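Protein chains in written order, with my numbering: chain D, 8 to 239; chain B, 8 to 239.
In case anyone wonders, no lab produced these hints; they're calculated from the structure. Only a predicted model underlies this, so the values are computations on that prediction, with no experimental measurement involved. Any given hint could be a false lead.
Stated by the list, open to error - For the chain B half of the interface with chain D, some residues (derived, Cβ under 10 Å), not all of them:
#1 K102
#2 G107
#3 R123
#4 A136
#5 E141
#6 R142
#7 A174
#8 T178
#9 L179
#10 V228
#11 G229
What the hints assert, rightly or not - Using 20 Å as the maximum straight-line C-alpha spacing, the simulated SDA-like pairs for lysine to any residue come out as follows:
#12 B:K92 with D:D94
#13 B:K92 with D:M37
#14 D:K92 with B:A122
#15 D:K92 with B:D94
#16 D:K92 with B:Q46
#17 B:K92 with D:E135
#18 D:K92 with B:D83
#19 D:K92 with D:I132
#20 B:K92 with D:S140
#21 B:K92 with D:Y32
#22 D:K92 with B:S140
What the hints assert, rightly or not - Computed list of chain B residues with no C-beta within reach of chain D, every gap over 10 Å:
#23 G50
#24 T62
#25 S109
Ideal Cβ positions, reconstructed from N, Cα and C, are used throughout, including at glycine.
2 protein chains.
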Amino acid sequence: MIRLYVEADLAAGSLVEATERQAHYLTGVMRRGIGSSVQLFNGRDGEWDGHIASTPRGRAIITVGTLARPQSADADLWLMFAVLKRDATDLVVQKATELGVSALWPVFTERTNAARVNLDRLRAIGIEAAEQSERLTIPDIRQAGPLNDGLADWPVERQLFVALERANVQTLTPVSGPAGLLIGPEGGFGQHDLAALDACRFVRRVSLGPRVLRAETAAIVGLALLQAYGWS
Amino acid sequence: MIRLYVEADLAAGSLVEATERQAHYLTGVMRRGIGSSVQLFNGRDGEWDGHIASTPRGRAIITVGTLARPQSADADLWLMFAVLKRDATDLVVQKATELGVSALWPVFTERTNAARVNLDRLRAIGIEAAEQSERLTIPDIRQAGPLNDGLADWPVERQLFVALERANVQTLTPVSGPAGLLIGPEGGFGQHDLAALDACRFVRRVSLGPRVLRAETAAIVGLALLQAYGWS
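Chain D on its own, in the form it takes in the complex:
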């Protein structure tokens, strides 16, 4: 079943148009034609069954049918991460979306090599990953900015678990309340980064285990653990 994220409101009988990328995927890659079934979600109105109504000049117009699944609350898990090389950054956004992360905060740290991030590109990756998972929302992806700005904007009541390697800190254990994970860059945090983290009362330094993991792997592992601890 093909699932598409749309921005339009969803209600029985309404018509919505797929984006150019989605239309290409539907009609070009997947060879779907008029009448083919599609599922739609917009992050607000639940998941709807629909079907392709028309495909004028490579576009795809979809008729909304019936509600398949009502909107439900997201996992309340955030991820702040140092921008990595392009492939690794893409993987973090894709996997974090699959794992249900509701907010992604890319940040620049002392040892971040990248100077900028293509936010539209990251958002497109988040939308595709949401379409291919079963979530009913897309993640909220912030404009990348310095770590210090991210920490200044972080809600103080939300614990931020910072994954550290080779540090004598506690292993991540079950948590309660709103939480987020912070993953540093390949080269680790610098002294100024660590001082900034120390100054934040919501920051908790934790270990993800005895192994040294690449940054993108640490993001997936840390999110998996935070979610598993929230299952209870």
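Based on these hints, arrange chain B on the given structure of chain D.
What follows is chain B alone, placed relative to chain D:
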């Protein structure tokens, strides 16, 4: 620090030659010359400090110096996984290696699309991932074969946790004793696969949580949880 896996025995003062790939990486990509430091491991003799002794015609000969870290036992965690598309299979091998998996068993299931796997390629990925993590071993990667053969060869005293989605099964919880994880193909297990699994007393059906994950993500998440539960 550059770490290289070699097959030769390691002892103070001995000379070892890097493979062609490693020599290219050392001298071509990383621009290291004679005298540069390198770390070596072979899965048996621990980790050794060494330095480049000579680079005749693009080769790299390394003098073994002193023992930096004695050999230690591996994590005793195995992964059996349905062969996926190439990129996804590569990611599974790379991330499982980083996470310390000691044995990788690629298998063909009813809904596996691939008919064969390049074992040399997978082993090369495992070696590179081991070099870039801090493990002192490389994973043992088996020749791919049918799921049924894998189950027949699986040691009966080793529990095999099979990750299932949309199934009314127990969530993965802490385990003791030797264990492995089995991840199915993108399309899920077929009826014959499930019947074969049912016939094995060492198989435990488990859920990795409420989310639908891609196969390669499920592998990483399942391994992360099995390892975390083994920290205690």
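Going through the hints against the structure:
Checking K102 (chain B) against chain D: minimum C-beta separation of about 6 Å stays under 10 Å; hint holds. Hint status for G107 (chain B): holds, given a least beta-carbon distance of 6 Å to chain D, under 10 Å. Because the beta carbon of R123 (chain B) sits about 26 Å from the nearest beta carbon in chain D, more than 10 Å, this interface hint is broken. Taking 10 Å as the C-beta contact cut-off toward chain D, the hint placing A136 (chain B) at the interface holds, the least distance being around 9 Å.
Against a cut-off of 10 Å between C-beta atoms, the interface hint on E141 (chain B) holds, since the closest Cβ of chain D lies about 5 Å away. Contact between R142 (chain B) and chain D, as hinted, is supported at the beta carbon level, the nearest pair being about 8 Å apart and thus within 10 Å. Annotation: interface hint on A174 (chain B) violated; nearest CB of chain D at approximately 15 Å, more than 10 Å. For T178 (chain B), the shortest C-beta to C-beta distance to chain D is roughly 6 Å, which falls under 10 Å, so the interface hint holds.
The interface hint given for L179 (chain B) is met, as the beta carbon of that residue sits about 8 Å from the closest beta carbon of chain D, less than 10 Å. At about 4 Å, the closest approach between the beta carbon of V228 (chain B) and any beta carbon in chain D falls short of 10 Å, and the interface hint on this residue holds. The interface hint given for G229 (chain B) is met, as the beta carbon of that residue sits about 9 Å from the closest beta carbon of chain D, less than 10 Å. Distance hint between K92 (chain B) and D94 (chain D) is fulfilled; the C-alpha atoms sit about 17 Å from each other, no more than 20 Å.
Pair hint K92 (chain B) plus M37 (chain D) holds up; C-alpha atoms about 18 Å apart against a cutoff of 20 Å. In summary, the hint linking K92 (chain D) to A122 (chain B) is not supported, as the alpha carbons are separated by about 33 Å, beyond the 20 Å threshold. Between K92 (chain D) and D94 (chain B) the CA atoms are separated by roughly 17 Å; this keeps the pair inside 20 Å, and the hint holds. Distance check on the hinted pair: K92 (chain D) and Q46 (chain B) sit about 25 Å apart at the alpha-carbon level, beyond 20 Å; violated.
Restraint check for K92 (chain B) and E135 (chain D): the C-alpha separation of about 18 Å stays at or below 20 Å, so the hint holds. For the given pair, K92 (chain D) sits about 32 Å from D83 (chain B) by alpha-carbon distance, which is inconsistent with the 20 Å threshold. A distance of roughly 15 Å separates the Cα atoms of K92 (chain D) and I132 (chain D); the hinted pair therefore holds under the 20 Å criterion. A distance of roughly 18 Å separates the Cα atoms of K92 (chain B) and S140 (chain D); the hinted pair therefore holds under the 20 Å criterion.
Between K92 (chain B) and Y32 (chain D), the direct Cα distance comes to roughly 19 Å. Compliance with the 20 Å bound is thereby established for this hinted pair. Our distance criterion of 20 Å between C-alpha atoms is met by K92 (chain D) and S140 (chain B), whose separation comes to about 17 Å. The claim that G50 (chain B) is not at the interface with chain D holds, since no C-beta of that chain comes within 10 Å of its own (minimum 17 Å). No Cβ of chain D approaches the Cβ of T62 (chain B) within 10 Å, the least distance being about 27 Å, so the stated non-interface status holds.
S109 (chain B), annotated as away from the interface, keeps every beta carbon of chain D farther than 10 Å; the closest lies near 13 Å.
The structure fails hints 3, 7, 14, 16, 18 (numbered hints given earlier, in ascending order).
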